Amino acid sequence: MTDKVKGRSATSSPVGEKRRSDPSGLYRQWFDAVEGSLDGKKEVTISPAELGELWKRWFEATIKPRGGAKEMESGLPGSMESLWAEMAEDVSAKMLSGETLPEDPLRFFLQWYDDTEVRWAKAADEILRKDEALAEVGHSLEAYARSYRELLRVSEEGSKNLVVPTRSDVTRVAKLVVLVENKVDRIEEAFDEFIHGDSEPATAGALAEAVDNLEERMNRLEGKMDRILAALERIEAGGEQDPEASPGPAVEKDHRPSKESSGADRNKE
Amino acid sequence: MVKTREKVSSEVEDILGKYAEGTRIMFEGARARTGQTPKEIVWAKNKAKLYRYEPRSEKKHPVPILMVYALINKPYVLDLMPGNSLIEYLTGQGFDVYLLDWGVPGDEDADLSFEDYVLDYMRLAVKRILRTSRAEEYTLFGYCMGGTIAAMYAALFPEHLKNLVLLTTPIDFTPEKIGLLGLWTDKKYLDPDLLVESFGNVPGEIVDNAMQMLKPVSNYVGAHATMWERILEEKPMEAWESMNKWVKDGTPFPGAAFKQWIRDFYQQNKLVKGEIELRGHKVDLSNITCPLLNIAGKQDHICPLPQTEPTTSLVSSVDKEYFVLDAGHVGLLTGGSAKKDLWPKVSGWLSERSGTRRVAS
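Going down the list, the sequences are from chains A and B.
One rule links them: number in our numbering = place in the first sequence (from 1) + 45.
One rule links them: number in our numbering = place in the second sequence (from 1) + 491.
Careful, some of the hints might be misleading.
[To be verified] Calculated cross-link-like contacts (lysine to any residue; reagent style SDA-like; alpha-carbon spacing at most 25 Å):
no.: 1; chain 1: B; residue 1: K678; chain 2: A; residue 2: A178
no.: 2; chain 1: B; residue 1: K538; chain 2: A; residue 2: D230
no.: 3; chain 1: A; residue 1: K175; chain 2: B; residue 2: K679
no.: 4; chain 1: B; residue 1: K750; chain 2: A; residue 2: A130
no.: 5; chain 1: B; residue 1: K538; chain 2: A; residue 2: T211
[What the hints assert, rightly or not] Coverage of chain A stretches by chain B, computed from C-beta distances (three or more under 8 Å per stretch; other residues unrestricted):
no.: 6; segment: 168-174
no.: 7; segment: 180-193
no.: 8; segment: 257-269
What the hints contain is simulated information worked out from the structure, not anything from laboratory work.
The structure presented is a predicted model; accordingly, all values stated were derived computationally and were not measured.
We treat Cβ as the ideally placed atom computed from N, Cα and C, and that holds for glycine.
Required output: the full structure, derived from the provided sequences and hints.
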């Protein structure tokens, strides 16, 4: 297979766009080999040395150009960049020193992740604690929030012009529904309390207050009645009309309701 | 080493099948049936629902348990999947378990605050469970922010409360104690008003990403590395899929509550100072006198140990225990070590404290 693979790589190694996405033709080779094995047309054999050679080429293809592109990737924090290079070299050396080489790229990735996870996590944590990173995250979130708000505003304006219900219209209606639900909940709760007797203290208190109010009003009413009766008696007796007993401002003045009693109560009386 | 064409062909087919499965999960998201312990809704208010779980064995403990979860993410992490569910385990141990699910808030709920959740929702839910279970007392079990809500409720309404269990519950928000979250929520970098003005409710994705960025390598890369490892080794995927589904299944954080959470808790640390006021009611944790089980995880990076530890000294309970496990925020609750450590601990602690007379029918 190796010869065929190498031959294909040499002859069909793409240029231009294809070269950028698969510069050494490695992925092409892998897919071709898979395709061949599925078709059953090709004899597929591979030795560990050949596999090692493939991995070496993969490293060279994916890691070395990265080192060369350092300047282009100046956005990546320096510690990450050096960590990447350092770990790539470590892993490369380890993999090529004759240790077991996973045939599957995913298994290779998993092994690599297991070996390097702790160092990556530590580096990431250090970066996330830096003032610059915190400020950057804060600014990004702020920019996102502001642009979202602006987008929402524009979309609301557009919907209004098209006489289409906006999101805030729907929210307003939903709020009304929630308010109605809350009222129903309160009624339900009151019924529950009534049925299960949970509200006994509150009801007793309210009842006592209502009875007190009623008593006070009755007392005032009785007072008025007494005066009216007294006045009538005097009239019957032929005496002069008692100005205090007559309906009008004077009566109101003398029998002003207490501070607790409201104007409404007076009118009712 | 020479492989026959047939062998290579079958190996390639096998590996392609595994690649296809992994790719499907990565693009479509994890699929799993979660929250399967049988339950019924016994009360609902707005989006919130109160579930009562069907007992799996004879009821041994008359004191019902009310579980309260955070306002972010969904509470089915407490009932992840059959065989990996704290709720299933407790119902199997003869407990009467309720779960208060806050639901997914809509735009119309952006004004919901901790006042609403603690003074209205919680109060009504507690009334309902006492009535439904015909009990005079109950146990309150809060997880994460749900624990903070539970602690505030317990401080304001200590009557009828038999036990309080707080699982990885943030109480002390002193910036030096809360790690990376303390830095991110610093007022220099985070303005909760702007987020709420813009979004109403803070989108679940923002909160999820913030949580995952606390450990970006293990959350973004490690989680998928584990997935591929399990696929390649042909291990069962249900547990991984259900957990991954939950991690990405965040709910929006109601705007008003988010502002309080960031400003009053993270930025001003008002709870331990006794400065939290809910509709004029001051939350004083020393009002808590019932038995307390305060559980924390050594490896918890969302709610680190120093954030949970002071709770034990802030309450006035005589019977109190601070129980630390060598686990993370979620690992403590689910999986093999949870079955071995946390679940029996909770069950055992509650069994000793859940005997009381029931209300006569």
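Hints, one by one, checked against the model:
no.	hint	result
1	B:K678 with A:A178	holds, 15 Å
2	B:K538 with A:D230	holds, 13 Å
3	A:K175 with B:K679	holds, 13 Å
4	B:K750 with A:A130	violated, 43 Å
5	B:K538 with A:T211	holds, 22 Å
6	168-174	holds (count 4)
7	180-193	holds (count 8)
8	257-269	violated (count 0)
In summary, the structure is inconsistent with hints 4, 8 from the numbered list given earlier, while agreeing with the others.
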